[in-house]
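Enquirer: Here's the letter readout for the chains.
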Amino acid sequence: MATRTLETERIHPQPSQRRDRSLALEIDSLTKSYGDTTVVDGLTFTVQPGRVTGFLGPNGSGKSTTMKMLLGLASADKGQATIGGIPYRNLPDPARTLGVVLEPNAFHPGRSGRNHLRIQAEATGIPASQVDEVLRLVDLSPEAANRRVGTYSLGMKQRLSLALALLGDPPVLVLDEPGNGLDPRGIRTLRDNLATRAANGDTVFVSSHLLSEVELLADDLVVINEGRLVAAGSISELRNPTALVRTTAPEELAIALERIGGKVKRQDAGTLVVEGLSTEVIGEHAYREGVVLHELSLHEGSLEEMFMAWTGDAASANPSISGKKEVVS
Amino acid sequence: MKNAQLVRSEIRRLTTTRMPLAFLVVLGAMAALNAAVVAWGADADGTQTFLSTALDQRSLIAFSANSVIIAGLFGATAVARGYGHGTVVHVFLATPRRLRAQLAQFTAVALGGAVLGLAGVAMTAGAVAAVLPTTDYAFLISTGDMIRLLAASSFAGAAGALLGAGIGALVRNTGGAVTGAVLMLVIAPPLVVQIAGGAADWIPPTLANVVSGVSNEVTVLVAIAALVLWAGVPATIGLVSTVKRDVV
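Which chain is which? The protein sequence lines are V and G, in order.
Each residue of the first sequence is one higher than the one before, counting from 1 in the numbering used here.
Each residue of the second sequence is one higher than the one before, counting from 330 in the numbering used here.
Check each hint, because a few of them may be wrong.
Stated by the list, open to error - Between beta-carbon pairs, the in silico distance windows are:
| # | chain 1 | residue 1 | chain 2 | residue 2 | range |
| --- | --- | --- | --- | --- | --- |
| 1 | G | Arg426 | V | Glu280 | 56 to 66 Å |
| 2 | G | Arg426 | V | Asp28 | 45 to 55 Å |
| 3 | G | Val572 | V | Arg185 | 38 to 48 Å |
Unchecked claim - Residues from chain V shown here face chain G by an in silico Cβ test under 8 Å; the list is partial:
| # | residue |
| --- | --- |
| 4 | Gly72 |
| 5 | Gly110 |
| 6 | Arg118 |
| 7 | Leu164 |
| 8 | Ile255 |
| 9 | Val281 |
Unchecked claim - Calculated from the model, a selection of chain V residues having no Cβ within reach of chain G, i.e. all distances over 10 Å:
| # | residue |
| --- | --- |
| 10 | Ser33 |
| 11 | Lys68 |
| 12 | Thr82 |
| 13 | Ala95 |
| 14 | Pro184 |
| 15 | Asp192 |
| 16 | Gly233 |
| 17 | Glu275 |
| 18 | Glu284 |
| 19 | Arg288 |
| 20 | His294 |
| 21 | Glu300 |
These aren't lab readings, by the way, just hints derived from the structure by calculation.
Small disclaimer: the values here were computed from a predicted structure and weren't measured.
For every residue, glycine included, the Cβ atom is placed at its ideal position computed from N, Cα and C.
Bound-form chain G, shown alone (with noise of 0.2 Å):
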């Protein structure tokens, strides 16, 4: 059995639920309600100079931040739902070589993650494209900048979902894995950031964004090897603990 077999079942398990359609909506919302600042958002003095430039605007748009949230989310909920259904069963049974099965299903989750990402940024920009011309401005970001943020949120995307999923293999519970999710990409960065102020730049909200090149703080290299990082440390731990551990 070829590995790309495995990595299409694998996506045809995250396809055939309601799962993905729930978080497109959640990323529907999401954009309208970008589109709802756009067009009723205003500066303190009245004004919409928060969408005066390209850069300013690329800064709405820019997606890559909620990105690793969300597909954290996603990848947590897509593996641990796994064992909570006993599917996972089915996995290991098909494919006993562990290992194998999970990185299939790692790959699809990461793949999964990036098209939630793109998707994420898309929507985001064409609502905010579809309600510009209400206000004093056009759209003013450049096809090369655009192609920048799909690409970053995208990446930032299946970052996120590596990291859920390796969490979700971790903890092996829905809610568990989704609780673990937002400790490590919401609750516990700023938490960090308090205790040491220099974290700030490696938090990975802080690296999609320098990644969709709306920030500086470290070089865009830096930034996706930092947000391989954050996603490969707990994708391994996640692959070494399905190995390890019996699977029920």
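Chain V extracted, bound-state conformation (with noise of 0.2 Å):
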């Protein structure tokens, strides 16, 4: 993808053109079981508006579940899905208003990329000429996009995947894995043109398993496992940045830091953990004690550790926002 066009370009550049960006997506109570398996369990969550929030959870955790479910694909057993509080199939106009990335692959290998883009357009009433700049948005050349599909590399479907996102414009986005076979130069226009979208007001859900792309990609998480919420807030809140505190007297520290209420964790012999308070004020409180400090620094989880706590031993990683709803903002 070029940079020059992600990054910077939208397709209706003139703001009084523009509709209501400002759309959430409320998953509220959401079930859906398939025989006796329950692969979504009342989940409950707010995308705001504004930001880009990453979907994670491991496989079969219940994420494509509940994309489907949002866009009508499938059907809810309990609870619902709705895009700015209106459910997709009822959106008076969904191009327009919702684009989506599921799978690269859902394309006919021999229809070229730029019919299935036309297709898509004419059912959707978007103006064929948008075909054209899209797939300059996606960086996909006339020449490939004339090609079947059949040809192309993962990357290519991909762009073609997020072309079809594109067309109508729509100020929410749902993607399922958008940098599946992008190379590193489209991961990086693909994320800088999600983040001017939702610095925009645009509404940004994105789903992959690629941590450390998501890391750098979203402001606000929802995790999920075995179909429950598990997490959900922004990346820095729910990073929960730990000090680590070495002292020749651990004890007297850590009743002292307890009593302001920090939640201290005694490690080997001179070595506490500290969440709820900051360095600063460790610190101070070991120089009123007349503690003798060795270190103080601060600790915060890669979101590969935050992952694996989370999602290995579920909801008691954080029984304190399982199940109940939690708005990302």
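Both chains are sitting in their own frames, so use the hints and assemble them into the complex.
Expert: Put into structure tokens, the structure is as follows:
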């Protein structure tokens, strides 16, 4: 994808012509079972406009099913999913409201990329001129667009998927593994484009297995495991930074810090891990107590560590938010 | 968005792959086979009396029975492959009211079946007419009868395509849908006729021949109504299935 295009240009640049772009995705008590297996279990969360929200979960955790229910492709047994308060199937102009990337291989191999876009444009009442526009946006050359999709690489198919999603210049994007198959430049450009869209007030909901990618891409996270919400919030909140303290008087300092609300884990001799207090507060209290510190450092868990904690032991990883409605803001 | 737009989009979906071409090739091969029969075929006595009257020639050219079967396979393939390739997701994302989207697709498929039926009889008539001068007989079919053959084959093609489309929407797998269409149009009817002889008048090939005017087991209107029923029942089941079941 060319940086010049995706990062800065929009299909309809005039603000006066823009529709309301502040549409939140609301997932409310969503439940879906296949036979005896419950794949989504009372899932509740909100994806706010103006943010890029990452959607994480292990394989089979219910991410794709949740997206399908949001898009009206699968029915919910209980609960509902809405876009700006309206179920997808009731949206007056779905293609201009929500763009979707679900599977990069959902194309007929014998049809050209351009014809896939023209069919979609025709079905949704979008002018055919937009086809060339989105092809340029995703950096698919006219020659490539005229070729049969069967000859495309995975990355080219992914660009075509993105072109389909962007065809109606929608204010909401729901993307399942959008970076799949893209080269590093394409991923970088995609990331920048999504950030620009979010900065313009659009709603961007991205599912991915690439934690490092999500870490760079997303402002907020929704994490599910076995169909249940296990974490939701801004990445900075969820990181839950801890302070590592090495001291000659660990017990004395631990008691002092617990007294002012710190959550202290005693590790090996002389080492404490403190949650809920800044390094400044810890240092000041150590000074007041006359405790000598050998180390005082801030430690933020990586997204991978957090993900493993959330999904390794499901709800117990963060019981305070499991099963509750968490507004991602 | 207008329904005509949706149908146009579905027609583009049908015509932007090589599938219609493959069916046209099959029709061409069948026309060539008919021409070969005219050129080299003979009755037991070595003559070609099977070409001697207008009715004989109409019976040879009448393509309606073939139209039902070929268009049935076309309809089954056209609808089921969308599930196989996953393109059906794009269809229902563009038009989340699935009944509307599926009706548009069925309409396009029925039109495609009609075109195949028309092309089938036109190619056969053309091939036969081209070879007839090599025989002792001229082309004897009147314009009126020719128009009826064309119309009947188109109608039979549309009905067959709709029947296949219904099976495709229900089965959602190209191999399974084609098998279903073959079972329903080719394998099951003769078996049913063996069990109940009276059923022979009501199987699609017989009804199509009645509409073409080369057979008279039932009246034309009854044959048309019966063919509509043959197409309408699977199509309705397919529509209900599309609306009720999850897309993926």
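Enquirer: Compare the structure with each hint and give your call.
Expert: Hint check:
1. Arg426/G / Glu280/V: 56 to 66 Å: Hint holds: Cβ distance 59 Å, inside 56 to 66 Å.
2. Arg426/G / Asp28/V: 45 to 55 Å: 22 Å, violated
3. Val572/G / Arg185/V: 38 to 48 Å: 43 Å, holds
4. Gly72: 5 Å, holds
5. Gly110: 4 Å, holds
6. Arg118: 6 Å, holds
7. Leu164: 7 Å, holds
8. Ile255: With Cβ-Cβ at 57 Å, over 8 Å, it is violated.
9. Val281: Hint on Val281/V: violated, closest Cβ of chain G at ~51 Å, above 8 Å.
10. Ser33: 12 Å, holds
11. Lys68: Violated, since 6 Å does not exceed 10 Å.
12. Thr82: About 13 Å separates Thr82/V from the closest Cβ of chain G, which puts it past 10 Å; holds.
13. Ala95: 6 Å, violated
14. Pro184: 27 Å, holds
15. Asp192: 25 Å, holds
16. Gly233: Label holds. Min Cβ-Cβ 29 Å, cutoff 10 Å.
17. Glu275: 43 Å, holds
18. Glu284: Answer for Glu284/V: holds, closest chain G Cβ roughly 57 Å.
19. Arg288: Holds: least Cβ distance 62 Å, greater than 10 Å.
20. His294: With a cut-off of 10 Å, His294/V remains clear of chain G, as the shortest Cβ separation is near 58 Å.
21. Glu300: Answer for Glu300/V: holds, closest chain G Cβ roughly 38 Å.
The structure shown violates the earlier hints numbered 2, 8, 9, 11, 13.
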